[in-house]
Amino acid sequence: MTNQKPAEPSNIEEDANYQIDIQEDKEHPIFKIKYRSNSVISIGALSDGSSYENLPTVKVLGTGGTIASKGTSSHQTAGYEVDLTIEDLIKSIPDLSTTCNLQYEQVLNLDSKDIGTHELLMLYQKIQEDLPKYDGIVITHGTDTMEETSFFLQSTLRTSKPIVMCGSMRPSTAISSDGPMNLYQAIVIAAHKDSRGRGVLVALNDRIGAGFYITKSNANSLDTFKSIGQGYVGSFVNNEVHYFFPAARPLGITYFKLSNPSALADLPEVPIIFAHQGLNNKIIEVTIKELGAKGLVFATMGAGSMSKGTNEFACKFSKEHNNIPIIYSKRSMDGMVPVGSLPKISNDKGETIEYKNAIASGYLNPQKSRILLQLCLSDGMEINEIKRVFKGVYGG
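Position 19 (the sequence shown) corresponds to 18 in numbering that gives the first Met the number 0; numbering is contiguous.
In case anyone wonders, no lab produced these hints; they're calculated from the structure. Accuracy of the hints is not assured; some may be wrong.
Within a straight-line C-alpha distance of at most 30 angstroms, the following computed DSBU-like cross-link-like pairs (lysine-lysine) qualify [said to hold, decoys possible]: (1) K390 <-> K288; (2) K281 <-> K343; (3) K288 <-> K112.
Using the sequences plus the hints, can you model the full thing?
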């Protein structure tokens, strides 16, 4: 891909505190940090008698995003460009020699708005290859679509090993850039024994959230990632990882096994239609007929509310096109769409018209509902099976 910026082995410089070995693979160089004995220790001494050889090994996968971006001034926090490699980011954080052995690799170098199904599948395949070799995985990622990637990975990777995503809201050149601290914390969290068995985690701004639930809530603020209904799972304070609950994954997860992701060119087309006053129903027809949509997601008003005319049109038109599933999600960040909120349609005589392909999203927002429906369709599920999957997140 033309946007991709893999790290260049020829530009590696030896740092005063560590040296870097390069292991070649077919597409990306893999860098392994070996800390020198005189490196500055920032975590504290190994007081438990363990040796460096017994430390966990963490792999960092770079994909780009604001955390890998540079602006033209120290006060610029918009309009910046992705311009740093994962090697640059690793050099910006303190010594981790008493916490873990560290390796890193540049997988992508994109703004997360440019990540699509191809990139998701590439990242999934790389993690699948790396999981048997490492004790934890860290992924640097743009915040704009981090919740989508974390939800996709949680739905397709079944492992007890920590997978921690991190990013930043300010570019590396900004005053008080948050990227180095977020990356540092994510690596420490991935190396921590209590992070096992918790699913995909998102670490930003001293907080640890479940990737299955978490959502970007503010376009600008550092404290943007929240799970209002479910809360955070832990925090990072004064170089300490603290979890609020025993290790557990979110309830209701359906795992999808992508048997041959390299041969899977794409996932089924599932657009999202954002509801508003005066919605032109023609957009539903165009989306299904012209885009070849295999399913739809409505970002509804309230808890599943669409106009009577829109519900009737969607019911009738979707029946004419193989009863494609239509997910009723919600515009609001919190709350849920229960089965009881699904539309009840009747004809002029008051007789009920079946709308079996309408599915409630539960607490999933539109973007996560879209991914879950794509995975269901890719797995060849029928409507009743898809409803069972969404029932796990309190919809169906």
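Quiz prompt | Hint check against the structure, violated hint numbers in rising order | solution = none
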